[in-house]
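Undergrad: With chain A's structure known, arrange chain B on it following the hints.
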Amino acid sequence: MEFKEIKSIVELMTKNGLTEFEFEKDNVKIRIKRGSDDSAAVVTTLSGETNGNGTHQVVIPVAAPVPQLAAPAAAPAAPAPEAINSKEIKAPMVGTFYRAPSPDSPPYVEVGKVVTEETVVCIIEAMKVMNEIKAEMKGVITEVLIENGKPVEFGKPMFRVKA
Amino acid sequence: MPPLVLLLAALHRTGCHHLSLSKLADEAVLTERGILPLLDRIEEMGGRLEVHPHLGCRLIQAPDRLVVEDLQARLLMLADKGGVPLVIGRCIRTLTETGSTNDVVRELARNGEPGGTVVFAEKQTSGRGRQGRSWCSPKGKGLWFSVLLRPRLGAQEVGRLTVMTGVAVARALEEASGLPLQLKWPNDVLCRRRKLCGILVETQWIANGGLDYAVVGVGINVNVEAADLPGDLRGKTTSLRIEAGREWHLPALVADVLWRMEKERRRMEGGLFGEILSEWASLDCTLGRQVRLREYGAEVRGLAAGMDPTGGLLIRTDDGRMMVAAAGEVVFEEAAKDC
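Chains as they are written, first to last, in this note's numbering: chain A, 1 to 163; chain B, 1 to 339.
There could be a bad hint or two in this list.
[Stated by the list, open to error] Just a few of them, taken from the derived set where beta-carbon distance is under 10 Å, the chain A residues facing chain B: (1) 95; (2) 124; (3) 129; (4) 134; (5) 140; (6) 154; (7) 158.
Hints listed in this document are in silico derivations from the structure and should not be mistaken for laboratory results. In this text, all values refer to a predicted model and were calculated from it rather than measured experimentally. Where is the CB? At the ideal position from N, CA and C, for every residue including glycine.
Next up, chain A with everything else stripped away, as it sits in the complex (with noise of 0.2 Å):
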């Protein structure tokens, strides 16, 4: 099986929010595993054509999810279509959830705003230090999760953006 082909099927994957994916014939069994975070996908091959364990680990990093790709067909199983689309902005540290600058200016972002990577959506304040955070993702925002001035834990939800 040749690298590209791997490689979209872990894009559709992504796509797709699948996690696991195997596939065997002629001897050849792959199988890929996908963290959640969309970083990275694990592939394993197991070739019965090599002796020993024939077994080989790829990490393949993953980047942004791939916005069109043909062949839909093979995708079983696809789950909510809401779910598909729908991506969360999650807290990368603990502290204080502020949606804008100051109490006096308009929040970073609404429902509806278009945000790239380098779009900053909020605040963090811990400590007394203010930590802006960018979206790292592209999309629309759809749901404001928490308050403005609310304590945020780390890897919580923050945003809710439909790439």
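TA: Below, chain B alone, put in the same frame as chain A:
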């Protein structure tokens, strides 16, 4: 290093003694004729030189405005002893007036400026504190500046920047002035219970979760007089001048503060944050006192018991739990003892 900086460093180093023109020329790596225009430049900066036909030259009055070459020379004089290149103060810029030095430095950072750059303003027209609160920065009466840093810090460690800066500023000012200074968690430098210095750290995180840059904003009330302060700040805010009853020379303080910040930065980035925490403990006026933590609209009462390794405040609550205050406002229950 530019010849003018080397020349100024030599003049600062010799202090009240004279230095022959040939020796000065050697220090600046120039000819005797070559240093003459530089001596004129020093006078243009506001310095006063005395040239003696036999003894040579000495600086009888240093520039009292913030001039980049003079600040670099002073810093060089302090830092040269270690021989390690400076990060903080590697590049210094001075502005007559700006909105907020934090904004100037953020703009530099967005354009790829390396860490260590320091920007001073003689006057800030919209100096700010937390959550858009304003910071009063009258012209030429204090040190209003911001430092760009690009340290490798995890998301749970950013508070170290506040702690490091507080310790550096308090120690530098205490040594320079002899006044009793204290630190109130997490970001206030106090003198006799009133605020002498404010610190505002702002950071930006990059897409993969790492720290891109941090802007450490510092405002030190040096020669601010009571009449310069808005009515609602009197009683809560003070200055070196108010406390000591005399004027202070700004450029000398700049060098002391930046050099101390550089030393603490080296400790922090060298894995010695524990040493900074011990320094904090010796300056602290929060620990061991009854506090109320106003966090997220709720109030928790307890005893400020210590600091955790990241600089967070440990509070033993009245019902016996131990919690870490990462955010929120700490208010002292009892009347302050010494600070």
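Undergrad: Against this structure, judge whether each hint is valid.
TA: We went through each hint and held it up to the structure:
no.	hint	result
1	95	5 Å, holds
2	124	8 Å, holds
3	129	4 Å, holds
4	134	6 Å, holds
5	140	18 Å, violated
6	154	8 Å, holds
7	158	13 Å, violated
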